[in-house]
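Q: One letter stands for each residue in the lines below.
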Amino acid sequence: MAAVSLIGRGTVVRGNVRGDGSLEIQGRVEGDVTVTGDVVLGEEAVVRGSITGAQLNIAGTVQGDLRGTESLLVERGARVVGDLTSPRIGVAPGALVRGNVRTDGEAPLATPVARRPGLAAQPHRSAAPAARPAPVAAPKLEPVKAAPPPPPPPPPKPDEPDEPDADEMESEPPSAPAAKAPPPVVPALGKHAKAKKKRRDG
Amino acid sequence: MAGTVVGEGLSIEGDLSSDEEVVVHGNVRGKLTTTDQVSIASGGVVQADVSGATVSIAGQVTGDVTASERVDLQTGGRLVGDVKAARFTIADGASFKGNVDMEM
Chain A
6 MAAVSLIGRG
16 TVVRGNVRGD
26 GSLEIQGRVE
36 GDVTVTGDVV
46 LGEEAVVRGS
56 ITGAQLNIAG
66 TVQGDLRGTE
76 SLLVERGARV
86 VGDLTSPRIG
96 VAPGALVRGN
106 VRTDGEAPLA
116 TPVARRPGLA
126 AQPHRSAAPA
136 ARPAPVAAPK
146 LEPVKAAPPP
156 PPPPPPKPDE
166 PDEPDADEME
176 SEPPSAPAAK
186 APPPVVPALG
196 KHAKAKKKRR
206 DG
Chain B
73 MAGTVVGEGL
83 SIEGDLSSDE
93 EVVVHGNVRG
103 KLTTTDQVSI
113 ASGGVVQADV
123 SGATVSIAGQ
133 VTGDVTASER
143 VDLQTGGRLV
153 GDVKAARFTI
163 ADGASFKGNV
173 DMEM
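Those sequence lines, one after another, are chains A and B.
Numbering of the first sequence is given in our numbering, commencing with residue 6 and proceeding in unit increments.
Numbering of the second sequence is given in our numbering, commencing with residue 73 and proceeding in unit increments.
What the hints contain is simulated information worked out from the structure, not anything from laboratory work.
Fair warning: this is a prediction, and the values are worked out from it, not measured in the lab.
Heads up, a few of these hints could be off.
Said to hold, decoys possible - A partial selection of chain A residues facing chain B, derived with a Cβ cut-off under 10 Å:
id	residue
1	9
2	10
3	28
4	29
5	31
6	32
7	35
8	36
9	40
10	41
11	42
Stated by the list, open to error - Now the in silico label distances, taken between C-beta atoms and shown as ranges:
id	chain 1	residue 1	chain 2	residue 2	range
12	B	141	A	84	34 to 40 Å
13	A	108	B	158	53 to 59 Å
14	B	92	A	104	30 to 36 Å
15	A	76	B	175	54 to 60 Å
16	B	163	A	25	25 to 31 Å
17	A	74	B	168	40 to 46 Å
18	A	59	B	115	20 to 26 Å
By construction, the Cβ of each residue, glycine as well, lies at the ideal position given by its N, Cα and C atoms.
Could you put together the complete structure from these sequences and hints?
A: In structure tokens, the structure reads:
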């Protein structure tokens, strides 16, 4: 009895509700609701704010995120505009839901985990950035020392215009693929990536 | 069954307004208004102005209390604030600090 709280249908709360125990809302709450126990939201109840509890049973109207650490059930006739997060989510036919629905574990754990695999799953992208750092460090030191060497090459070119062109032609292709690769890579990468992903998945 | 029950361990920070009975076992900070009865049970803590038809206090209240009918400060109850009500009783063992206005 003591641990069970009720916000009657004739009651309006403007502010946050938090604490231990379970809560039944039949009235209106304009603020966040955070309890350690279960939350029951009646058909005529309206909550403008997020609701967090162990087991949520929503039959009313909610404008905010719902998070059930154990379960989340959106009943028929409920109207929810916000994200749903819970290990177990149920949405009954006749319920209105607009927002993201995540049935994975707790958000704080799931989010970082999801991101890490995402980066790992993109070796191409990660490889590029990884490659950049190393070269960057080296070029900084080399350019100064390497600067002298470049001059010598130029002279040969003017001496033999034909050959330099050939060299350039030959040299360009190899460098071109590397440089040009990226542009087509955009569309091509997508395809390759998908193909590779499929291969990996397969 | 009371219309609204703020259970033990629950706290509301903000305005609570109602047209039905309100029972407080937990905490309310801000403002508590109803056109019906208000009961602050033993263990209930209210840091807010309270107004209702009848207000009975067995817990702790810090704030002004206004009632259209009556205010009952019960044994064990503690009230710090002004009381405005046509009828006002203070039970033996209750604690009260504030002004009383019974001219309604």
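Q: Each hint: holds or not?
A: Hint-by-hint comparison with the structure:
no.: 1; hint: 9; result: holds, 5 Å
no.: 2; hint: 10; result: holds, 4 Å
no.: 3; hint: 28; result: holds, 7 Å
no.: 4; hint: 29; result: holds, 9 Å
no.: 5; hint: 31; result: holds, 9 Å
no.: 6; hint: 32; result: holds, 7 Å
no.: 7; hint: 35; result: holds, 8 Å
no.: 8; hint: 36; result: holds, 6 Å
no.: 9; hint: 40; result: holds, 7 Å
no.: 10; hint: 41; result: holds, 8 Å
no.: 11; hint: 42; result: holds, 9 Å
no.: 12; hint: 141/B with 84/A: 34 to 40 Å; result: holds, 39 Å
no.: 13; hint: 108/A with 158/B: 53 to 59 Å; result: holds, 57 Å
no.: 14; hint: 92/B with 104/A: 30 to 36 Å; result: holds, 32 Å
no.: 15; hint: 76/A with 175/B: 54 to 60 Å; result: holds, 55 Å
no.: 16; hint: 163/B with 25/A: 25 to 31 Å; result: holds, 30 Å
no.: 17; hint: 74/A with 168/B: 40 to 46 Å; result: holds, 43 Å
no.: 18; hint: 59/A with 115/B: 20 to 26 Å; result: holds, 23 Å
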